[in-house]
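Undergrad: What follows is the residue order along each chain.
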Amino acid sequence: MTLFLIVTLNGLTLAALYFLAASGFSLIFGLMRTVNMAHGALLLLGGYVGYSIVEATGSWGLGVVGGGLAAGLAGAIVQAGVLGWMQGDELRQTLASIAISIIMADLMLWHWGGLTYQVELPDLLAGGHRLPVLGVGYATIRLALMGFALATGVALWFLIQRTRFGAVIRASVDDQDMLRAIGYPINRIFVLVFALGGMLAGMAGVVAASALSIAPGTDLQFLLSSLVVVIVGGMGSIGGAALGALLVGLAEQYGLAYAPTYGVVFTFAIMVLVLAVRPQGLMGKAEL
Amino acid sequence: MKQALILIPLLALPLVLNDFWLTQVATRSLILGVMALSLSFLATYLGVVSFAQATMAGIAGYTIAYFGPNTVGVGTPLPFWVTIPMALIFATLSGALVGLIARRSRGIYAIMITLAIGVAFFYFTRQNYTLFNGWTGFSGVRAPEVAGVSLRNPLLLYLLSLSTAGIALALVSGFVRSPLGLTIQAVRDAPGRVLALGISVTTPIVAAFAFSGLLAGAGGILNVWYQERISSFSVGLGPIIDILIISVIGGLRHPGGAFVGAVVFVLLDTFAVDLIDRERFNTLIGVVLLLIVIVAPGGLQQLAQDWAARLRSPQAKPKQASEHS
Chain D
-2 MTLFLIVTLN
8 GLTLAALYFL
18 AASGFSLIFG
28 LMRTVNMAHG
38 ALLLLGGYVG
48 YSIVEATGSW
58 GLGVVGGGLA
68 AGLAGAIVQA
78 GVLGWMQGDE
88 LRQTLASIAI
98 SIIMADLMLW
108 HWGGLTYQVE
118 LPDLLAGGHR
128 LPVLGVGYAT
138 IRLALMGFAL
148 ATGVALWFLI
158 QRTRFGAVIR
168 ASVDDQDMLR
178 AIGYPINRIF
188 VLVFALGGML
198 AGMAGVVAAS
208 ALSIAPGTDL
218 QFLLSSLVVV
228 IVGGMGSIGG
238 AALGALLVGL
248 AEQYGLAYAP
258 TYGVVFTFAI
268 MVLVLAVRPQ
278 GLMGKAEL
Chain A
9 MKQALILIPL
19 LALPLVLNDF
29 WLTQVATRSL
39 ILGVMALSLS
49 FLATYLGVVS
59 FAQATMAGIA
69 GYTIAYFGPN
79 TVGVGTPLPF
89 WVTIPMALIF
99 ATLSGALVGL
109 IARRSRGIYA
119 IMITLAIGVA
129 FFYFTRQNYT
139 LFNGWTGFSG
149 VRAPEVAGVS
159 LRNPLLLYLL
169 SLSTAGIALA
179 LVSGFVRSPL
189 GLTIQAVRDA
199 PGRVLALGIS
209 VTTPIVAAFA
219 FSGLLAGAGG
229 ILNVWYQERI
239 SSFSVGLGPI
249 IDILIISVIG
259 GLRHPGGAFV
269 GAVVFVLLDT
279 FAVDLIDRER
289 FNTLIGVVLL
299 LIVIVAPGGL
309 QQLAQDWAAR
319 LRSPQAKPKQ
329 ASEHS
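If you're matching them up, the sequences are chains D and A in order.
The first sequence begins at -2 in the working numbering and counts up by one.
The second sequence begins at 9 in the working numbering and counts up by one.
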């Protein structure tokens, strides 16, 4: 029973991380139809920068913000410098973002080396916490991570559903040409949303480096999870990203605990099952 | 006739090249070309860019390794006239399976799904020891011996790869003219109309993926003989991207371009050490891919065609070139 509880909590931790990573990916896809293959690289960049900032200043909060800003800036540069020029040609954008992710991964390997990094935690988040009712001890940072994901989810929902900027994003998803015609600077909005998605990825990277650890290859792991999460949850839907992240994170941890050498198969099976029943994802809108 | 003109110098290549050039450059280009052809075929005739071709090739390679002589003591050795058809069948079936999963998805959705399949397979080979021997994979895989001579012999492997490439190209051009091949192209152009005619679109899509699995499998078998080992890294993101880059360099919509792309890629891979620090090869290949995508989205084959067209009639500028000049 304790094992089951711990595995469930681990699954929720992972789901929280996957949601943080996938929400930015899904946001960008929903607005621009761009499959940003460099999303994992942005996440890793955020993690590395966050680590360096925490090492230099000793402030964890500063690390999370700095990592997020660095990845957000990189995302804005990617959209404004390369992908924006190919708007509308999705295959070309995908290929270009793959090229960017290869270059970024290689340059990061150059600068930070092949080491595994773990961000040092502030006293407040270090150590464990005995959970009431369940009666098991669990790492505080992981609990904080779940709270962080929840808060991010709510903030995103608020931004998109309740603010003027969110209304512009939603209008742009529905009818880009009309928005352009009534004078909205759509290219600037694209860059902003790309920066927002990159920032989410970068913060997820720092948090991942705190709760788990990061190393070359982390980018691929989170790119895969983001892909599966949005395929399962539905492309461009924040709620779908949350649902997909929950399913994938839990499946991965249960798989790891109860069928160690076939863990990935569970994730894969969920994806295949969803595609067979609802090709547009659980909460996605039908395309055709 | 035109094909024969290319074939003669290719057949004469072993006479002029030393073993290094023959094996490291020529044979490797042909093997990678066959794998990339499986992608270009799908991209050209079904209009789907698949990231799962390295997986299909890997399944053929793993079959050869598991049922063949290897030095890790996993699997059961079987004679090669059993394992080779078996590897091709498994690769074809895996292609069909990928097609079945991705059948309702097009464009970027298909890219995402096939990439997820490819990466999931990579993690699976890493975790699983009973079938794939995990992280380490299989080493000491030997090519079969015919009359006492190993097929890994530079000359024999080159000729084998050359004939495989030739057969693969011939198969593609025959297949796309067959009724099934024409249906596949109809599905690419107008899936709605195909459905309206009462033809199921699932069968052509699955068939196209299965055929691409067969091509990838042939490349995968040659590759495992060439490398003499296979591991999770042979099906990881590296090879997935390599195959994609080769197809893009040659031109995604030009099946024959796969071989042009393969030669460029192998030359870069072999001689990049002289241009740039060996460690930074990935940056170089990333920049090459980015440049191709920005400057010549149709690939080198398209670029050459455009130039040829421009030389012939200087007034009539080709559409592709004027868009980006």
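Everything labelled a hint here was simulated from the structure, so no lab data went into it.
Quantities reported herein were computed from a predicted structural model and do not represent experimental measurements.
Glycine included, each C-beta is placed from N, C-alpha and C at the ideal position.
Treat the hints with care, since some could be wrong.
Claimed, not checked - Derived list of chain D stretches under chain A, where covered just means 3 residues or more per stretch with a C-beta under 8 Å from a C-beta of chain A:
hint, region
1, 7 to 17
2, 67 to 79
3, 171 to 184
As the list claims (entries may be wrong) - Derived CB-CB ranges, DEER-like:
hint, chain 1, residue 1, chain 2, residue 2, range
4, A, T278, D, M(-2), 55 to 61 Å
5, D, E52, A, L163, 54 to 60 Å
6, D, M175, A, R185, 41 to 47 Å
7, D, L156, A, S147, 27 to 33 Å
8, A, N161, D, L104, 53 to 59 Å
To be verified - Facing chain A, from chain D, some residues (calculated, C-beta under 7 Å):
hint, residue
9, V32
10, E52
11, I99
12, A266
13, V269
14, L270
Undergrad: Hint by hint, note whether the structure agrees.
TA: We went through each hint and held it up to the structure:
1. 7 to 17: That given contact is violated, which follows from only 0 residues of the region 7 to 17 of chain D lying within Cβ reach (below 8 Å) of chain A.
2. 67 to 79: n = 1 at 8 Å, threshold three: violated.
3. 171 to 184: The restraint on the region 171 to 184 of chain D is violated, since only 0 of its residues have a Cβ under 8 Å from chain A and three are required.
4. T278/A x M(-2)/D: 55 to 61 Å: holds, 58 Å
5. E52/D x L163/A: 54 to 60 Å: Since E52/D and L163/A have Cβ atoms about 57 Å apart, the given range 54 to 60 Å holds.
6. M175/D x R185/A: 41 to 47 Å: The hinted range 41 to 47 Å holds for M175/D and R185/A, with Cβ atoms some 45 Å apart.
7. L156/D x S147/A: 27 to 33 Å: With Cβ atoms ~53 Å apart, the hint is violated.
8. N161/A x L104/D: 53 to 59 Å: violated, 41 Å
9. V32: With Cβ-Cβ at 5 Å, under 7 Å, it holds.
10. E52: Check failed: Cβ of E52/D comes no nearer than 24 Å to chain A, outside 7 Å.
11. I99: Hint on I99/D: holds, closest Cβ of chain A at ~4 Å, below 7 Å.
12. A266: Violated - the Cβ of A266/D stays beyond 7 Å from chain A, reaching only about 10 Å at its closest.
13. V269: Cβ of V269/D sits 5 Å from chain A, so the hint holds.
14. L270: For L270/D, the interface hint is violated, since the closest Cβ of chain A sits about 10 Å away, which is over 7 Å.
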